[in-house]
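Trainee: All chains should be built: construct the whole structure from the sequences, respecting the hints.
Protein chains: 2
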Amino acid sequence: LAAMEVPTGKRTGWQVQSSFLARHTHNMIRGIVESLKMKPNPEKPMIPLSIGDPTIFGNLKASDETMKAVLKAVEGAKFNGYAGSMGHDAARQAIAKYSAHQRPDMEISPNDVVITSGCSAALEMCILALADRGQNVLVPRPGFCLYKTLAEGMNIEIRYYDLLPDQEWRADLKQMESLIDENTAALLINNPGNPCGSVYDADHLKRMIDICERHYLPIIADEIYEHFVFPDVEYVAISSLTHEVPVLTCGGLTKRFLVPGWRTGWVIVHDRKQRLGDAVNGLKNLCGRILGSNTIVQGALPDILVKTPQSYFDGVIELLHSNALMAYRALKKVRGLNPVMPKGAMYMMIGISIEHFPALKDDVHFVQEMVNEQSVFCLPGSCFQCPNFIRIVLTVPAEMIEESCVRIAEFCELHYKKDTRAFIEHSTLLDGSVNF
Amino acid sequence: LAAMEVPTGKRTGWQVQSSFLARHTHNMIRGIVESLKMKPNPEKPMIPLSIGDPTIFGNLKASDETMKAVLKAVEGAKFNGYAGSMGHDAARQAIAKYSAHQRPDMEISPNDVVITSGCSAALEMCILALADRGQNVLVPRPGFCLYKTLAEGMNIEIRYYDLLPDQEWRADLKQMESLIDENTAALLINNPGNPCGSVYDADHLKRMIDICERHYLPIIADEIYEHFVFPDVEYVAISSLTHEVPVLTCGGLTKRFLVPGWRTGWVIVHDRKQRLGDAVNGLKNLCGRILGSNTIVQGALPDILVKTPQSYFDGVIELLHSNALMAYRALKKVRGLNPVMPKGAMYMMIGISIEHFPALKDDVHFVQEMVNEQSVFCLPGSCFQCPNFIRIVLTVPAEMIEESCVRIAEFCELHYKKDTRAFIEHSTLLDGSVNF
Ligand SMILES: Cc1ncc(COP(=O)(O)O)c(C=O)c1O
Ligand SMILES: Cc1ncc(COP(=O)(O)O)c(C=O)c1O
Numbered sequence: 031l032a033a034m035e036v037p038t039g040k041r042t043g044w045q046v047q048s049s050f051l052a053r054h055t056h057n058m059i060r061g062i063v064e065s066l067k068m069k070p071n072p073e074k075p076m077i078p079l080s081i082g083d084p085t086i087f088g089n090l091k092a093s094d095e096t097m098k099a100v101l102k103a104v105e106g107a108k109f110n111g112y113a114g115s116m117g118h119d120a121a122r123q124a125i126a127k128y129s130a131h132q133r134p135d136m137e138i139s140p141n142d143v144v145i146t147s148g149c150s151a152a153l154e155m156c157i158l159a160l161a162d163r164g165q166n167v168l169v170p171r172p173g174f175c176l177y178k179t180l181a182e183g184m185n186i187e188i189r190y191y192d193l194l195p196d197q198e199w200r201a202d203l204k205q206m207e208s209l210i211d212e213n214t215a216a217l218l219i220n221n222p223g224n225p226c227g228s229v230y231d232a233d234h235l236k237r238m239i240d241i242c243e244r245h246y247l248p249i250i251a252d253e254i255y256e257h258f259v260f261p262d263v264e265y266v267a268i269s270s271l272t273h274e275v276p277v278l279t280c281g282g283l284t285k286r287f288l289v290p291g292w293r294t295g296w297v298i299v300h301d302r303k304q305r306l307g308d309a310v311n312g313l314k315n316l317c318g319r320i321l322g323s324n325t326i327v328q329g330a331l332p333d334i335l336v337k338t339p340q341s342y343f344d345g346v347i348e349l350l351h352s353n354a355l356m357a358y359r360a361l362k363k364v365r366g367l368n369p370v371m372p373k374g375a376m377y378m379m380i381g382i383s384i385e386h387f388p389a390l391k392d393d394v395h396f397v398q399e400m401v402n403e404q405s406v407f408c409l410p411g412s413c414f415q416c417p418n419f420i421r422i423v424l425t426v427p428a429e430m431i432e433e434s435c436v437r438i439a440e441f442c443e444l445h446y447k448k449d450t451r452a453f454i455e456h457s458t459l460l461d462g463s464v465n466f
Numbered sequence: 031l032a033a034m035e036v037p038t039g040k041r042t043g044w045q046v047q048s049s050f051l052a053r054h055t056h057n058m059i060r061g062i063v064e065s066l067k068m069k070p071n072p073e074k075p076m077i078p079l080s081i082g083d084p085t086i087f088g089n090l091k092a093s094d095e096t097m098k099a100v101l102k103a104v105e106g107a108k109f110n111g112y113a114g115s116m117g118h119d120a121a122r123q124a125i126a127k128y129s130a131h132q133r134p135d136m137e138i139s140p141n142d143v144v145i146t147s148g149c150s151a152a153l154e155m156c157i158l159a160l161a162d163r164g165q166n167v168l169v170p171r172p173g174f175c176l177y178k179t180l181a182e183g184m185n186i187e188i189r190y191y192d193l194l195p196d197q198e199w200r201a202d203l204k205q206m207e208s209l210i211d212e213n214t215a216a217l218l219i220n221n222p223g224n225p226c227g228s229v230y231d232a233d234h235l236k237r238m239i240d241i242c243e244r245h246y247l248p249i250i251a252d253e254i255y256e257h258f259v260f261p262d263v264e265y266v267a268i269s270s271l272t273h274e275v276p277v278l279t280c281g282g283l284t285k286r287f288l289v290p291g292w293r294t295g296w297v298i299v300h301d302r303k304q305r306l307g308d309a310v311n312g313l314k315n316l317c318g319r320i321l322g323s324n325t326i327v328q329g330a331l332p333d334i335l336v337k338t339p340q341s342y343f344d345g346v347i348e349l350l351h352s353n354a355l356m357a358y359r360a361l362k363k364v365r366g367l368n369p370v371m372p373k374g375a376m377y378m379m380i381g382i383s384i385e386h387f388p389a390l391k392d393d394v395h396f397v398q399e400m401v402n403e404q405s406v407f408c409l410p411g412s413c414f415q416c417p418n419f420i421r422i423v424l425t426v427p428a429e430m431i432e433e434s435c436v437r438i439a440e441f442c443e444l445h446y447k448k449d450t451r452a453f454i455e456h457s458t459l460l461d462g463s464v465n466f
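First to last, the protein sequences are chains A and B.
Just so we're aligned: 151 in the working numbering is position 121 of the first sequence, and the numbers increase by one with no gaps anywhere.
Just so we're aligned: 50 in the working numbering is position 20 of the second sequence, and the numbers increase by one with no gaps anywhere.
It should be emphasised that the hints constitute simulated quantities derived from the structure, not laboratory data.
Worth double-checking, as some hints may not be accurate.
To be verified - Which stretches of chain A does chain B cover? Using the computed rule of at least three CB atoms under 8 angstroms from a CB of chain B, they are:
(1) 84-96
(2) 103-110
(3) 147-155
(4) 278-290
(5) 324-334
(6) 351-357
The C-beta atom is built at its ideal place from N, Cα and C for all residues, glycine as well.
Mentor: If you want it as structure tokens, here you go:
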């Protein structure tokens, strides 16, 4: 009836729909975690080795210098107004200086720096500035799931290149190169890397650059963990190794300065031969959408970047490295587990020989049962497109690492079966006998 | 040569392109302003009546309570970590309470609140959650140009409904309704409004709601200037007037608390009859892209919203209202100008009878020459899709308003021609005589 009165081209009832973008913006980790049926063992206090926020346990804190700089910026009340859409000049200048290692032979201009709402917004801007619907971007597997979250809703295809656990998580370069076609808009690398704690040497990075040079492919470098490397490991900014290939480097205060909630990130445009063309303006256009990040922190940035002492960074690395060593040594001894010692960042991946745990279907099931029996919560590797691994964070207090390793070992011992094939055959026999 | 070695489907040279999104994300104001050939008169100090940042002149400041709340949040060092992607619970609770007027008969749940990086990001989320490429959104003309900036690059069409200067900038409802078709995803209203300083009464808002009800159209309400109304004017939240039509209300600290740089905004979802369906989840999905806004301000929000006294807001309104009156009275007397007295927000639109200024082509030219002769910089109405108007901001110190009105009057007197038609005929005759 109502429909008759309405001219064609009009709606006849409430049928609001979520946009394609909104429907296809997914956080894979949340999806998997919410599917878990978890009831932590009430007799054991929960140990969350899953939480990527390093500030949550109280053992890792922003430096006094960082906090003082922000106090000063608030007290001066000079940083309440709008900044330019790319950020305050002084802050961009400070970031350019702080990032000199990314372009050692030539000064970085503040004009090459865009301040963003966290490294997440930096990555969003770079991906969306370079890739159109129907195009594709190469990202690492295992890798940080935000890349997919950002691309999929925009109809940008994600193609995974593999990181090899038995080669210190170096990329499978052959497979990487085979993924490239005329619709590939960028190669995204994450170094140092989440979730593997991988750190690439100059040689490996140069091989990636060679591939990009051969295929005229710009690089998006997620270096949010820059400088976050364990003793005797060197961090090399990929932008420092090439004049030919344009690199958009994404960084921020989040990890190194331990202030993830402040949402202060940045993009540094390295385009020595002006090969990005119009895309640099495109990137800057995108700044006009949400007008950047909090100005108090921008006001504090010059002090934060200059005054935080090396000893502060060293202390954080020491804590992470010692946790990594402790966990690695303890878990290496556990049957059915294959921890891969990280070289930096904040995480360790642990392989599971799932065939030795017949009661556990896969990494997701493994994680679920370990919560239910031992109250230890790791993230399944599936969250990072990497089944049969689990990821632990190294930012927790040492006691937690120690205690969780004991419990993980107990869990594995309980479920480990030496020769799974034999076990299966035996049970098959049993089944056969039941079935007459 | 090189091309021969490369298999098909591979690129043969550097040809990086900006994405469609990046190419089509424009700030119209910047575009127009950059096209101006401006050389301020060196004998007169510049008066920028163009700048939308109310904090820039020093006469309008954040309240002591606001600044203290942030200091406290920094000092406690409890707000450095990640918040949930929708924001901290306590902050969302505080926003829900603060926004009770938007839904007077029923409590707003913190679950209806999403904290964003400024009101800009709130608007982006709402538009992108509801509208797909090929769909359209109705927005006001004159209106804030960000709506277009956000939509166009996503291939979402903007359709303008007119605000009528001789009807206190009320919307032309008939024309508005005629724009709606089956691809219309939402009606966006901005009340109180930029650039007009319009404030709508309940009756006018209800007529808009009726239209939306007839056409099953959700409303995006940009109420960043909520409560920002002059004495004896009432601000009514459109969400308070309907149970039928879903409303996404965008707000934030930016204007009322005078801290635009802090990038703290929010969306409040009013969907009494669950008509947004999946789009509410879609909106929340979008939070996962950049992970919201600065946590220090989120930590301070409960105090900011509760402790800032009414007297502070009253003081700001008083200053704006007195500036508005002063400018209105002075410019009303100027031949060729038609100021429209605003009812709220921070701006006034001034009509130009451009036919009386034969030396000046249009509002853009008018603005340019006023800078060059009088060092007074207003924004051309074209920045808001409204030619033959100029916009001035009311947030400058009173002396600046006074002085600029004198100069604007001088400028207009100099260029005003009483009977332009006669003038044109005369010059035509002259031309004819030159041409034998
Ligand atoms: C590899 C990687 N990139 C980017 C980010 C996001 O950083 P931000 O919190 O600054 O958005 C993270 C956070 O965990 C990360 O691990
Ligand atoms: C009508 C309107 N909406 C939204 C905004 C953006 O607010 P924010 O600075 O919080 O992003 C403005 C800023 O001028 C505005 O005038």
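Trainee: Each hint needs a verdict: does it hold in this structure or not?
Mentor: Okay, the hints, checked on the actual structure:
1. 84-96: Since 4 is at least three, the answer is holds.
2. 103-110: That given contact holds, which follows from 5 residues of the segment 103-110 of chain A lying within Cβ reach (below 8 angstroms) of chain B.
3. 147-155: holds (count 5)
4. 278-290: Check passed, 3 qualifying residues.
5. 324-334: holds (count 5)
6. 351-357: violated (count 0)
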